[in-house]
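Each chain, letter by letter, is given below.
2 protein chains.
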Amino acid sequence: MGRWEPDAAGRLREAAMALYTEQGFERTTVAEIADRAGVTARTFFRHYADKREVLFAGSEELSRHMLDALAAAPPSATPLEAVRAALLAVAELFDGRRDFSRRRQAVIAATPELRERELHKFASLATAFDEALRERGVAPVVATLAAETGVAVFRVAFERWVTEPDEPDLAELMRATLAELAGLTASAD
Amino acid sequence: MGRWEPDAAGRLREAAMALYTEQGFERTTVAEIADRAGVTARTFFRHYADKREVLFAGSEELSRHMLDALAAAPPSATPLEAVRAALLAVAELFDGRRDFSRRRQAVIAATPELRERELHKFASLATAFDEALRERGVAPVVATLAAETGVAVFRVAFERWVTEPDEPDLAELMRATLAELAGLTASAD
DNA sequence: CCTGCGATGTCATTGAATGACATCACACGT
DNA sequence: ACGTGTGATGTCATTCAATGACATCGCAGG
Numbered sequence: 001m002g003r004w005e006p007d008a009a010g011r012l013r014e015a016a017m018a019l020y021t022e023q024g025f026e027r028t029t030v031a032e033i034a035d036r037a038g039v040t041a042r043t044f045f046r047h048y049a050d051k052r053e054v055l056f057a058g059s060e061e062l063s064r065h066m067l068d069a070l071a072a073a074p075p076s077a078t079p080l081e082a083v084r085a086a087l088l089a090v091a092e093l094f095d096g097r098r099d100f101s102r103r104r105q106a107v108i109a110a111t112p113e114l115r116e117r118e119l120h121k122f123a124s125l126a127t128a129f130d131e132a133l134r135e136r137g138v139a140p141v142v143a144t145l146a147a148e149t150g151v152a153v154f155r156v157a158f159e160r161w162v163t164e165p166d167e168p169d170l171a172e173l174m175r176a177t178l179a180e181l182a183g184l185t186a187s188a189d
Numbered sequence: 001m002g003r004w005e006p007d008a009a010g011r012l013r014e015a016a017m018a019l020y021t022e023q024g025f026e027r028t029t030v031a032e033i034a035d036r037a038g039v040t041a042r043t044f045f046r047h048y049a050d051k052r053e054v055l056f057a058g059s060e061e062l063s064r065h066m067l068d069a070l071a072a073a074p075p076s077a078t079p080l081e082a083v084r085a086a087l088l089a090v091a092e093l094f095d096g097r098r099d100f101s102r103r104r105q106a107v108i109a110a111t112p113e114l115r116e117r118e119l120h121k122f123a124s125l126a127t128a129f130d131e132a133l134r135e136r137g138v139a140p141v142v143a144t145l146a147a148e149t150g151v152a153v154f155r156v157a158f159e160r161w162v163t164e165p166d167e168p169d170l171a172e173l174m175r176a177t178l179a180e181l182a183g184l185t186a187s188a189d
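Respectively, the protein sequence lines represent chains A and B. Residue numbers are given in the working numbering: position 2 of the first sequence equals residue 2, and the series is strictly consecutive. Residue numbers are given in the working numbering: position 16 of the second sequence equals residue 16, and the series is strictly consecutive.
Bear in mind the hints are in silico, worked out from the structure with no lab data behind them. Since we're looking at a predicted model, the values are computed, not measured. Some clues are possibly wrong.
Each pair may be met inside one copy or between any two copies, as identical chains are not told apart.
[Stated by the list, open to error] Below 20 Å or equal to it, Euclidean Cα-Cα: the simulated EDC-like pairs (lysine to aspartate or glutamate) are:
| id | residue 1 | residue 2 |
| --- | --- | --- |
| 1 | Lys51 | Glu22 |
| 2 | Lys51 | Glu113 |
| 3 | Lys121 | Glu131 |
| 4 | Lys51 | Glu26 |
| 5 | Lys51 | Asp35 |
| 6 | Lys121 | Glu60 |
| 7 | Lys121 | Glu61 |
| 8 | Lys51 | Glu81 |
| 9 | Lys51 | Asp7 |
| 10 | Lys121 | Asp68 |
| 11 | Lys51 | Glu32 |
Sequences are here, hints too, so could you generate the full structure?
Laid out in structure tokens, this is it:
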């Protein structure tokens, strides 16, 4: 480690979250974030590719966790059952982080640019799901649909989790949302 | 209209498509696009909010068309049946535009920034679907799921349409994809 | 003929993002 | 203990997206 305060990336993340919350994403400059973190703007870009990415650092961990769970599902599992396992496995990652998640979602919801980036992350996740399912031998189109649907369930359940006033269980919301999905196609062709 | 060549927005769109195709999105500057269209860079931003938006001009028309079809579905239709009507209705908008769609998709696929914007457009569409379904009296969570699923079907079918070598019928692909969706949840809980 | 309005041009500015190069403390081998 | 290299950072310069303020000009309508 260098001659400076350690964990510059962490300090930058904290500073960005605080400033985005206080004054909004657009009216926060990278220079401000860097100042508060005690580094220069150039250093900000050495840790995060752009001004948005600072809020999406943990997303690879999320993907990895879900893909591990998906890979661990028995070969006999249907595509949706495998997806279900991945969804339930990832729920535990958010244990005790509901407050942080809510603050983060508030910032993202308030900023179109950040919503775009979030969508991109979810799309990457869906693509990864898609590929993983195909490697399990699932037919291409079915794999894509299962992946997209699975991500949609994640988003719906997650949104309920951060929105509802009382503290619900994320895994339980995942199960409930999956159940609603099953009901959706029951009566249509 | 003014003293200049008419349809500046159209010329800017053509110029942008051409340059994005020739040299890629990132290596194309707004100044170049404006030059080729015979206007100044400032004028570019009067017609399009940013460098990406020039490729997504027709998306409101798309939304409108689908929402009209959704509103026209009989009240007795299930959520997914209403979504199905919207999907089939919009297919005709793409009649004869497959070549253009392919070129456009090629540019978008090659550029992460453009993929993000595309995702945002789809998300807006899903939100509009969601609201329209709720206005039909569909329960909130079910409406969201139906909307997200419907958009996923659109994307899958559209991707097949621009990807497959022989010229398939988009509406037919929509039906086929919906059928696969129905099969997906048949065996899972 | 005049006048207002709309579309454009011109000018200036901010801020994101990136490349090139300098710097400096710590770790490591000798 | 003494170089020395390496990695994280600072400094400087630059490009380009995006936006605000103001001028211009010609057509439409009175």
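Query raised in the report: When no copy is specified for Lys51 and Glu26, does a C-alpha distance of 20 Å or less occur within a copy, between copies, both, or neither?
Result: Both, since 10 Å and 18 Å are each at most 20 Å.
Query raised in the report: When no copy is named, should Lys51 and Glu22 be tagged within, between, both, or neither for a Cα gap of at most 20 Å?
Result: Result: close within a single copy only, 16 Å intra versus 29 Å inter.
**Report entry** Intra- versus inter-subunit Cα pairing at 20 Å for Lys51 with Asp7
**Finding:** Answer is within: at 18 Å inside a copy they meet the 20 Å cutoff, but 35 Å across does not.
Query - Copy assignment of Lys51 with Glu113, given that the CA separation must stay at most 20 Å - result: For Lys51 and Glu113, both the intra-copy (10 Å) and inter-copy (14 Å) Cα distances are at most 20 Å.
Query raised in the report: Between Lys121 and Asp68, at a C-alpha cutoff of 20 Å, which is it: within one copy, between copies, both, or neither?
Result: Classified as within; 18 Å inside a copy, 31 Å across copies.
Query - Identical-chain pair category, Lys121 with Glu131, by Cα at 20 Å - result: within (15 Å within a copy, 24 Å between copies)
Query raised in the report: Between copies, within a copy, both or neither: which fits Lys121 and Glu61 at Cα up to 20 Å?
Result: Cα proximity of Lys121 and Glu61: one copy only (12 Å, versus 27 Å across).
**Report entry** Same-copy or cross-copy closeness of Lys121 to Glu60 [CA-CA at most 20 Å]
**Finding:** Answer is within; shortest intra-copy Cα gap is 9 Å, inter-copy 24 Å.
Report task. If the cutoff is 20 Å on CA atoms, where do Lys51 and Asp35 land: within, between, both or neither? Let me know, please. Result -> Intra 14 Å, inter 30 Å, cutoff 20 Å: intra-copy only.
Query raised in the report: When no copy is named, should Lys51 and Glu32 be tagged within, between, both, or neither for a Cα gap of at most 20 Å?
Result: Within. Shortest intra-copy distance 12 Å satisfies the 20 Å Cα cut-off; inter-copy 26 Å does not.
**Report entry** Identical-chain pair category, Lys51 with Glu81, by Cα at 20 Å
**Finding:** neither (37 Å within a copy, 42 Å between copies)
Of the hints listed earlier, the one the structure fails to meet is number 8.
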